[in-house]
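Sequences listed follow chains A and B, in order. Residues in the first sequence are numbered consecutively from 1, following the working numbering. Residues in the second sequence are numbered consecutively from 1, following the working numbering.
Think of the hints as simulated: they come from the structure by calculation, not from any bench. Ideal Cβ positions, reconstructed from N, Cα and C, are used throughout, including at glycine. Incorrect hints may appear among the rest.
[Stated by the list, open to error] Restraint ranges, calculated between C-beta atoms of paired labels, are given here:
{"id": "1", "chain 1": "B", "residue 1": "Asp-77", "chain 2": "A", "residue 2": "Lys-95", "range": "45 to 55 Å"}
{"id": "2", "chain 1": "B", "residue 1": "Asp-59", "chain 2": "A", "residue 2": "Asn-101", "range": "50 to 60 Å"}
{"id": "3", "chain 1": "A", "residue 1": "Val-288", "chain 2": "B", "residue 2": "Pro-94", "range": "15 to 25 Å"}
{"id": "4", "chain 1": "A", "residue 1": "Asn-101", "chain 2": "B", "residue 2": "Lys-32", "range": "47 to 57 Å"}
{"id": "5", "chain 1": "B", "residue 1": "His-141", "chain 2": "A", "residue 2": "Ser-279", "range": "57 to 67 Å"}
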Amino acid sequence: MRWRHKDLLDLDNLSAQEIELVLQSALSMKEVLFRPIKKLPTLRGKSIALMFYENSTRTRTSFETAAKILGADVTNFSVAQSSVNKGESLLDTAKTLQAMNIDLVIIRHACSGASEFLAKQLKAGVINGGDGQHAHPTQALLDFFTMKERWGEFKGKKVLIVGDILHSRVAHSNALGLKKLGAEVVLIGPPTLLPPEMSYLGVKTSYDLDSELPGADAVMALRLQLERQQSGLFPSLREYNRLYGLTREKIAKTGKDTIILHPGPLNRGVEISSDLADSVQSVIEEQVTNGVAVRMALIYLLIGGTSNVMA
Amino acid sequence: MTKRIPKHKIMDADGIRRAINRISHEIVEKNKGTENLVLIGIRTRGVPLAERIQARILDFENVKLPLGLLDITLYRDDLSMIDVQPVIHETKVPFSIEGKTVILVDDVLYTGRTVRAALDALIDLGRPQKIQLAVLIDRGHRELPIRADYVGKNIPTSSREIISVCLSEIDNSEEVLLLE
Numbered sequence: 001m002r003w004r005h006k007d008l009l010d011l012d013n014l015s016a017q018e019i020e021l022v023l024q025s026a027l028s029m030k031e032v033l034f035r036p037i038k039k040l041p042t043l044r045g046k047s048i049a050l051m052f053y054e055n056s057t058r059t060r061t062s063f064e065t066a067a068k069i070l071g072a073d074v075t076n077f078s079v080a081q082s083s084v085n086k087g088e089s090l091l092d093t094a095k096t097l098q099a100m101n102i103d104l105v106i107i108r109h110a111c112s113g114a115s116e117f118l119a120k121q122l123k124a125g126v127i128n129g130g131d132g133q134h135a136h137p138t139q140a141l142l143d144f145f146t147m148k149e150r151w152g153e154f155k156g157k158k159v160l161i162v163g164d165i166l167h168s169r170v171a172h173s174n175a176l177g178l179k180k181l182g183a184e185v186v187l188i189g190p191p192t193l194l195p196p197e198m199s200y201l202g203v204k205t206s207y208d209l210d211s212e213l214p215g216a217d218a219v220m221a222l223r224l225q226l227e228r229q230q231s232g233l234f235p236s237l238r239e240y241n242r243l244y245g246l247t248r249e250k251i252a253k254t255g256k257d258t259i260i261l262h263p264g265p266l267n268r269g270v271e272i273s274s275d276l277a278d279s280v281q282s283v284i285e286e287q288v289t290n291g292v293a294v295r296m297a298l299i300y301l302l303i304g305g306t307s308n309v310m311a
Numbered sequence: 001m002t003k004r005i006p007k008h009k010i011m012d013a014d015g016i017r018r019a020i021n022r023i024s025h026e027i028v029e030k031n032k033g034t035e036n037l038v039l040i041g042i043r044t045r046g047v048p049l050a051e052r053i054q055a056r057i058l059d060f061e062n063v064k065l066p067l068g069l070l071d072i073t074l075y076r077d078d079l080s081m082i083d084v085q086p087v088i089h090e091t092k093v094p095f096s097i098e099g100k101t102v103i104l105v106d107d108v109l110y111t112g113r114t115v116r117a118a119l120d121a122l123i124d125l126g127r128p129q130k131i132q133l134a135v136l137i138d139r140g141h142r143e144l145p146i147r148a149d150y151v152g153k154n155i156p157t158s159s160r161e162i163i164s165v166c167l168s169e170i171d172n173s174e175e176v177l178l179l180e
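Full structure from sequences and hints, please.
Below you can see the structure in the form of structure tokens.
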């Protein structure tokens with residue numbers, strides 16, 4: 001099967017087979033991470049720019065590590081020290097990068113649609129490293145990879161995504177992709193953070209975590225985005241924790257060897273208890289390792305072959 | 001791809017079996033035993049060939065050599081030139097090659113570029129003491145200074161021709177064909 005995309009903006013325009021191709025390629029990339037010499041010549045001479053307009057530790061370092069292992073050169077464009085502070089627009093910044101013949105731009109931005117805007121303007125490939133409340137496709141793909149490593153396939157598996165669904169680009173991308181892969185997805189959260197519009201994703205929604213737990217193969221806790229909770233969307237952290245916080249006791253109700261995922265960073269004691277986060281069921285650290293492998297696969301698929309062809 | 005017409009059969013199943021037998025003996029003879037030897041097959045068709053050599057050597061020396069699989073896609077020098085991007089497969093070398101004598105196995109030796117990529121890939125896994133190359137077919141037309149240590153059969157070809165190695169583990173037949 002052939003990869004035909006210039007960009008990776010969301011999972012809605014990827015087929016199940018294309019997602020499987022990413023996961024298969026990532027498996028090969030993962031082997032490289034455990035070698036004594038973690039360096040490939042594959043992307044020698046290719047240049048990648050990281051444009052992160054929002055804070056990020058793991059996603060940015062994960063992309064940077066992935067690109068460097070593949071042998072590409074990475075330019076870190078840090079917003080604080082850049083011309084953005086002088087009022088340069090996103091488009092002008094991007095055009096500057098294009099003039100430097102950058103092959104791939106990885107962008108994180110607080111505005112939904114920022115990556116798509118950039119992708120339309122640039123000849124270079126674009127990977128969405130998270131845009132507003134819209135999508136975070138590489139996080140979803142690394143979640144799928146982590147699940148696939150455990151399960152082999154997605155058919156018949158039940159995945160709960162719990163927490164602040166409204167603000168979560170991770171939840172959106174996960175729901176879209178898991179549905180394509182054939183898993184059953186349930187989005188769970190308090191009514192204020194799980195508005196009825198979420199039904200557009202075509203998956204089940206519920207306000208009651210306890211009733212959905214039996215039979216769940218994976219439970220993904222979302223970070224409660226405290227910075228976005230100024231407007232009183234729920235009464236108190238304590239109540240939120242009691243109803244939607246994951247604990248060992250709650251997870252025991254699944255009756256299965258359930259795996260626990262979290263995109264990080266963790267608010268320990270809020271959406272997930274500390275002992276659960278550090279338990280054997282938790283695959284949170286594996287997610288980080290797998291993130292590098294999945295991003296290597298994507299970068300390879302986007303710019304590893306023939307030069308980017310404008311669609 | 002355009003359909004190629006088989007010109008003639010270079011090797012049948014018996015021919016392949018005898019060539020593998022001879023190569024297996026030569027490997028043991030040249031290295032004065034099996035000590036320190038490891039086999040690494042280059043994906044795709046080097047892998048079943050390496051497995052067969054492993055089985056032969058087990059037969060007559062009673063030693064099972066470690067066997068690894070190498071995918072060289074990430075080391076190719078023509079990634080930006082080929083039209084269809086190759087799918088990468090897993091490299092599986094579940095042992096250290098540090099200080100070993102590595103027998104690299106492939107089906108056809110042609111330009112030498114695959115072997116060049118394989119050498120780079122191997123050296124990224126560690127520092128073997130020696131690397132030797134075993135191929136079923138050497139068809140000439142080298143573009144790099146590379147030669148095989150063990151050859152099943154030398155076939156002079158024109159560069160318009162194609163050598164097709166079919167192995168029962170992967171293909172539906174067991175033969176080597178010259179196509180035009």
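**Study point:** Structure-inconsistent hints, enumerated in ascending order
**Key:** Checked against the structure, the only hint that fails is number 1, while the rest are satisfied.
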